[in-house]
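> The lines below spell out each chain.
2 protein chains.
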Amino acid sequence: MSDIHSMAHAIRFLALDAIRTAGEGHQGVPLGMAEIAATLYANHLKVNPDDPLWPDRDRVVLSNGHGSMLLYALLHLSGYKELSLDALKSFRKLGSVCAGHPEIEQHAGIEITTGLLGQGIASAVGMAVAEQRLQAQFGSDLVDHRTWAFVGDGCLQEGMGQEAISLAGHLRLGNLTFLWDDNQITDDGATGLSISEDIPARFRAANWQVIEADGHDISAIDAALSQAKTDPRPTLIACRTIIARGIPRLEGKRGGHSAPLTEQDSIEMRTALDWPHAPFVIPDSIYHDWTTSMNRGRAACHEWIQRKQAHPKHAEFDRWHQSPLPDPWHIPAVPNAATPTIQSSGDVCDWLTDAMPETLVLCADLEAPTNHKRRRAAFTADDRSGSYVHCGVREHLMGAMGNGIAAHGGLRVVNVTYLAFSDYERAAMRMAALMRLPVIYVFSHDSIGVGSNGPTHQPIEVLASFRAMPNMRVFRPADAIETAEAWHIALQTRDGPSLFALSRQPAEQVRSDASATLSRSGAYVVSNASGPRALTLIATGTEVGLAVAAQSALEARGVPTAVVSMPCWELFAEHSTEARAAILGDAPRLAIEAASPFGWSHWLRPEDRFIGMDSFGASAKADVLYAHFGITVDNIVAQGVALNKQK
Amino acid sequence: MSDIHSMAHAIRFLALDAIRTAGEGHQGVPLGMAEIAATLYANHLKVNPDDPLWPDRDRVVLSNGHGSMLLYALLHLSGYKELSLDALKSFRKLGSVCAGHPEIEQHAGIEITTGLLGQGIASAVGMAVAEQRLQAQFGSDLVDHRTWAFVGDGCLQEGMGQEAISLAGHLRLGNLTFLWDDNQITDDGATGLSISEDIPARFRAANWQVIEADGHDISAIDAALSQAKTDPRPTLIACRTIIARGIPRLEGKRGGHSAPLTEQDSIEMRTALDWPHAPFVIPDSIYHDWTTSMNRGRAACHEWIQRKQAHPKHAEFDRWHQSPLPDPWHIPAVPNAATPTIQSSGDVCDWLTDAMPETLVLCADLEAPTNHKRRRAAFTADDRSGSYVHCGVREHLMGAMGNGIAAHGGLRVVNVTYLAFSDYERAAMRMAALMRLPVIYVFSHDSIGVGSNGPTHQPIEVLASFRAMPNMRVFRPADAIETAEAWHIALQTRDGPSLFALSRQPAEQVRSDASATLSRSGAYVVSNASGPRALTLIATGTEVGLAVAAQSALEARGVPTAVVSMPCWELFAEHSTEARAAILGDAPRLAIEAASPFGWSHWLRPEDRFIGMDSFGASAKADVLYAHFGITVDNIVAQGVALNKQK
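Protein sequence lines, in the order shown, are assigned to chains A and B.
Its first residue numbered 1, the first sequence is counted upward by one per residue in the numbering used here.
Its first residue numbered 1, the second sequence is counted upward by one per residue in the numbering used here.
Same shape as in the complex, but just chain A:
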């Protein structure tokens, strides 16, 4: 039997020593949760440090990510090779795997980036959903693991954390356990400054199993962890802990969170805990206990590999994890009439239901208007075989769940709602961009084309706000063909998220030939000028149809006009200056987008013009609004003529 008590102290001292070496850090979590973590790793967790990417491993999420030294100490002690003592000594230094907050490095055992409060537990819900979806497909011989999340008070105060509690209970995710560090202290002081609710009762109201335990009592924690594994509901283990346990000066105090640690603190903790070892020295017997604890997971991994080789679905299992694109790719039927791009996107998503069954669609209470459930069954508490999750009106959770599902692996996740609600999940989307996770965001209702629901629901600055975000590709396709191309490119992209801004309003079909994925260049001439180019119209989305209509009128007035469709700025920016110049041309440019001009100066010269939105929208029908804000064929023609004359 391992000496979990000493295993826990090893966490404490590695954390203390690393934080002392760095000169800063957050000791509250590693010192307060040392027994909880040591007990989990010693007796329950199923991972193999020799094979950190083993698909059937348990997932560990440090939602209270500021306590990152807890995770690094755990990974070091468990034998993850990347987490050497030298790595711990480089805590919070440039290039270290031991960053201030955990940054995803799955080969090192760091499952997901955390630190912005709430993101971790919400992503953990996604991981638990992913496991259940895959288990339904491949059976428990291949998929049978759990998600464990370390959780602080901050995560539970965050709205997204509350959304996570609600949906996890509703979906009866029995494979999910939260380990709550109930230390009653935040960086501001006592939690009672800002919260007085009965948190166990709140979880029970959402149909969770709740177990209360002394977070420093190893046998109580052990019993709670066992009980968590046998209940069909998700489990909260409410661990009453003392923040910074072990440092006499800071135990249970506000400063326990992250007050700078002194030499004296180090001496006093060593005395208090009877730890005679020098900094970063862990006795072999303790290392031995940690290492042997991992043998349980190693054995399970080896057995799994055997089972998988003999399993009739092993090739399919691998295919889902590799997720190659169908060949041939879907070539959409060109609609006979103007069609909302959200509807064309739904057509692709319908096709993917069978063509890429590993796709999993999350949607926030907009099943009908977003058209992405039509052929998909729901993933529910009773039936895990569906590929559509009703996330409820919980956009931020949905965004983070997408990250958890993508980080888990084995599924391609699609996230569907209205573009105006992207603001609700933006923080989670930024995490996807930061982690370079291949999440696809399908947004409908892209502009004032929403119509009478009014300015609250009409994105104006949203395109710009995401174009400014590193690693995020923003697509605003013009028609059914560009929409299918956006899907094609996004599904081929493995190293970052893609966002589609799609229309509720009908989009004129501007392309008839789908044989080349023209959108891949980000911008291209969709309609050439009849003679030497005197004007270039640049547009995105439904405004490409307006530009093409204006082109005829301009040509009729003797202005040879080219139309450039620019569905994806980021792809266009990857081209050489010369390639871009060839597409944009030397002629005067008029850009049209029913959105803020912010950022367009990058593609326009001072003498060029822009037609779009300088203000928020208004409540009226879409065509009335387009006319009201001057985004019309007539205005494009008038401005195009004027531009051409001033040349």
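Simulated from the structure, these hints should not be mistaken for laboratory data.
The beta carbon of each residue, even a glycine, is placed where N, CA and C say it ideally should be.
Mixed in with the good hints, there may be bad ones.
[Said to hold, decoys possible] Simulated pairs of lysine-lysine, DSS-like, Cα-Cα distance not exceeding 30 Å:
id	chain 1	residue 1	chain 2	residue 2
1	A	K621	B	K93
2	B	K621	A	K93
3	B	K81	B	K253
4	B	K253	A	K621
5	B	K253	B	K46
6	B	K229	B	K308
[Stated by the list, open to error] Sample of chain B residues with no beta-carbon within 10 Å of chain A, all distances over it, derived:
id	residue
7	G154
8	G252
9	I267
10	D274
11	A300
12	K308
13	I331
14	D354
15	A378
16	H390
17	M431
18	G558
19	A579
20	S619
[To be verified] Here are the computed distance ranges between Cβ atoms for each label pair:
id	chain 1	residue 1	chain 2	residue 2	range
21	A	S323	B	G192	31 to 39 Å
22	B	E578	A	N528	33 to 41 Å
23	A	A582	B	L53	33 to 41 Å
With chain A's structure known, arrange chain B on it following the hints.
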């Protein structure tokens, strides 16, 4: 005694007729909540339709804003003049006061813009806080009113709604009542698709009074409303309702939410409810009942006006509501050493504690690192006289509370957290911009200057994302003087929000003369070239200090260099082209900002250069990161020399 039953039907038919006339809309709420609303207005609400801006009125918030015809019908029937029958007939048309979702028009009785789910109830918490803060200052003779919020299932699923429940219970806001439309239907279908929690138990866990009532039983609702007014806790009235009550085809069904209404629906509802009147015709007896119901509020308003005239604090009450700036304004002492701008901002905020006691600071669990509580006492459940609200780790709620406080009036609200967390409250900030509410957002930790907490906590694209937002002014001040100027300008601004991006890292003092508010022009020459300008450095925030340091080195190399500080793009953009050209000059330009280049093309020509961030940040100390990403004096000098040569 009024015939509340018929009063409710009047709501139903005005909603039906207006939605039929518009050809679209959401009937679920007005038909389902008609009895609840009629009972509230008939027997409890304290408002005066003749004086919609009466400061001591009750506030009504339609958080389920898609049901806007409920509010418009209520205001029409109550006698708000702007809500004429013609206005109702223009529902959802361009320019109508009856927009698709309620848009703030307080003179018309529309207290706040709602429609994005969750925003309404979270703002209602702010209104209730405002009332309590003002009551503590002026006594219940001048301030004694309540906030009533109509709430749908969606609002309660949203994380921000959950944050609202938690904090309202913690702060014991007994003046706040939620009227929950528990119709068990969403736009997706049964609420059971995505939620199965015990919502009353969830409220009780957060220390609310919960009363369950049949939402169509007038006497039960009436009793519940009375009980809400006598309990010291906030109250949830869980009203079991039938969506679209009255239309046989849609009652209790998914289509009840917003399915198009037919002529047949109109006929059948008139038959079912025994309503022989033509569209938009309400019998005089019903109008009479509505009008006389309002006499209670009229009388209260007249009594209040009398009381106020005689009240010793009446001048102070008016001053708080007008909130003139102190004269003379605060001139900061110039620090002796480089000082973080968040600290300089805290100095101004300290001064405002007494100089403008109507300022109310909201902060999300970052009391110490943000420096804005130092001189302020907390507003708590037991003491409403404090001017600092511990909002907990609930940024989205905090943002919406700010909107509610600003919409309430009588206070100037300041919202404090880290800039990276602006993503969590962005949707609420957009609402402030849309409503043109004068909220001030103080954000610390503006850039990679955050240091080792790493890329999750380092804003890169945030400045661009807010510069793209209409009506939002973004300030990134260079030093203590510019920080005080940002406060000065923001407090003078009554027609929109202002955002300060402030540094954790020390800012060199680039100004020594505070006598002119130079920041008012948005950008200005902070340090002139020694001769005819050969180079212009443009910078914001702490990078202005780098630019000034580089200027000396460039001058020494024979490159006469001017430094332009550009704390606020929006103010600079208000100037004429000529005025801007005079400041930016003709010489080559090099812009420096530790942020995404997105948007900078607006101020730079193709041949100009930019030093900043092309990627997310990393975990290391601030100075290491600045060096790593090339945002250094040396690099500015090198690039400046190169630019000057290529000229």
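> All hints are to be evaluated individually against the structure, with a verdict given for each.
Consistency of the hints with the structure:
1. Distance check on the hinted pair: K621/A and K93/B sit about 7 Å apart at the alpha-carbon level, within 30 Å; holds.
2. Restraint check for K621/B and K93/A: satisfied, since their Cα atoms lie roughly 7 Å apart, inside the 30 Å limit.
3. Proximity of K81/B to K253/B is assessed by CA-CA distance (about 35 Å); at most 30 Å being required, the pair is judged violated.
4. With a CA separation close to 26 Å, the supplied pair K253/B and K621/A stays within the 30 Å bound.
5. For the hint linking K253/B to K46/B, the alpha-carbon distance of about 34 Å lies beyond 30 Å, and the restraint is violated.
6. Of the pairs offered as hints, the one joining K229/B and K308/B holds, with about 23 Å between alpha carbons and a cut-off of 30 Å not exceeded.
7. Against the 10 Å criterion, G154/B falls within the reach of chain A, whose nearest CB is about 4 Å from its own CB.
8. The claim that G252/B is not at the interface with chain A holds, since no C-beta of that chain comes within 10 Å of its own (minimum 18 Å).
9. Distance check for I267/B against chain A: the nearest CB is about 25 Å away, which clears 10 Å, and the non-interface claim stands.
10. Taking the minimum C-beta to C-beta distance to chain A, about 32 Å, the non-interface status of D274/B holds against the 10 Å cut.
11. Even its closest Cβ contact with chain A, about 32 Å, leaves A300/B beyond 10 Å, as expected for a residue assigned away from the interface.
12. Chain A leaves K308/B outside its interface by the beta-carbon criterion, the shortest separation being 34 Å against a cut-off of 10 Å.
13. Look at I331/B: its CB is around 31 Å from the nearest CB on chain A, clear of 10 Å, so calling it non-interface holds up.
14. For D354/B, the requirement that its beta carbon stay farther than 10 Å from each beta carbon of chain A is met, with the minimum near 23 Å.
15. With a closest Cβ-Cβ approach of about 7 Å to chain A, A378/B is found to fall inside the 10 Å limit, against its non-interface label.
16. Not every Cβ of chain A is farther than 10 Å from the Cβ of H390/B; the closest lies at roughly 4 Å, contradicting the non-interface assignment.
17. M431/B, annotated as away from the interface, has a beta carbon of chain A within 10 Å; the closest lies near 7 Å.
18. Against the 10 Å criterion, G558/B stays outside the reach of chain A, whose nearest CB is about 30 Å from its own CB.
19. Every C-beta of chain A lies more than 10 Å from that of A579/B, the closest at about 16 Å, which supports listing it as non-interface.
20. Some Cβ of chain A comes within 10 Å of the Cβ of S619/B; the nearest lies about 4 Å off, and the non-interface call is violated.
21. For S323/A and G192/B, the hinted distance range of 31 to 39 Å is satisfied, since their beta carbons lie about 32 Å from each other.
22. Checked against the hint of 33 to 41 Å, the C-beta distance between E578/B and N528/A comes to roughly 39 Å, which is consistent with it.
23. The hint said 33 to 41 Å for the Cβ distance between A582/A and L53/B, and at roughly 60 Å that hint is violated.
In summary, the numbered hints that this structure violates are 3, 5, 7, 15, 16, 17, 20, 23.
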